[in-house]
Every structure is written in structure tokens, then in C-alpha cells.
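Engineer: Please put together the full structure from these sequences, using the hints given.
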Amino acid sequence: MNKLKISCLLAAAGVGIGAFGAHGLKPQLLANDSVSTWETAVFYHLIHAVALFVLANSSKVTGTWAFRLWTVGIILFSGSLYALSLTKWSVLGPITPLGGVAFIAGWITLMFEAKSAKA
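For the sequence shown, counting from 1, position 39 maps to 39 in my numbering; every step adds exactly one.
These are calculated hints, taken from the structure and not from any lab test.
Errors might be hidden in some of the hints.
Said to hold, decoys possible - In silico BS3-like links for lysine-lysine, alpha-carbon gap of 27 Å or less:
| # | residue 1 | residue 2 |
| --- | --- | --- |
| 1 | K88 | K3 |
| 2 | K60 | K115 |
| 3 | K60 | K5 |
| 4 | K26 | K88 |
| 5 | K3 | K60 |
All of these numbers come straight from a predicted model, not from anything done at the bench.
Structural biologist: Here it is, written out as C-alpha cells:
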């Protein structure tokens, strides 16, 4: 699957997950006192899905490593927060920062790729 399709799929998933949390899962999220955790997961998911889309359409920078790192970040950061919001399994907590590191590493990687491309 190419970068553009992956970015579109992740963006669509972010919108769907956000809507499902706001409507279908609201009672469970309220019961778990995890609405804000879910919203944080959706926020970072969607921000990075849009960044993936922009990167996929860039002709100045390939951004292969940034793309990979952001995708991993969505899976680890947002994915662990989604699961934590629904299950309250504390074992998932340490996974979240790994996703955050992947997001940061993706941005730093992109900075170096953009610099070398004179973007």
C-alpha cells in the first residue's frame, strides 16, 4: 500500500474512532473516567494522519523515515491510549511514551530530510 493510501486510511480511522468514542463508547469512557484520554488519543492520531497526508503529497522530501515513525507513533501512542481508555489496564501505560518518542523522532528526522532537500 502506498503512502497516500495509508495516510487516508489512518485519517478515516481517526475520524471514525473519534466519532465512535463520542457516541457509541461515551458511557464506557465516562464510567472509566477516560474521556479526556480518548480525546488526546484522537487529537494526536488526526494531527499525525494529516501530517502523513501532506508528506505523502510532498515532492520536496520523501520523508520515508518520518512517515514510518509517525505511523508507529499513531499505533503506539494513540493505540495504547484507546486501549487504556477502554480497559484501564495499567500495563498499557508504559507503551504510550514510546509512541510519543516515535512522533518526536519523526519530526526531527523530517527536519534533517527537509534541510538536505533545501525545502
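Engineer: Now tell me if each hint is right for this structure.
Structural biologist: Structure-based check of all given hints:
1. K88 with K3: 33 Å, violated
2. K60 with K115: 10 Å, holds
3. K60 with K5: Holds. K60 to K5 sits at ~19 Å (cutoff 27 Å).
4. K26 with K88: It holds: about 15 Å lies between the C-alpha atoms, which stays within 27 Å.
5. K3 with K60: 15 Å, holds
The structure shown violates just one earlier hint, number 1.
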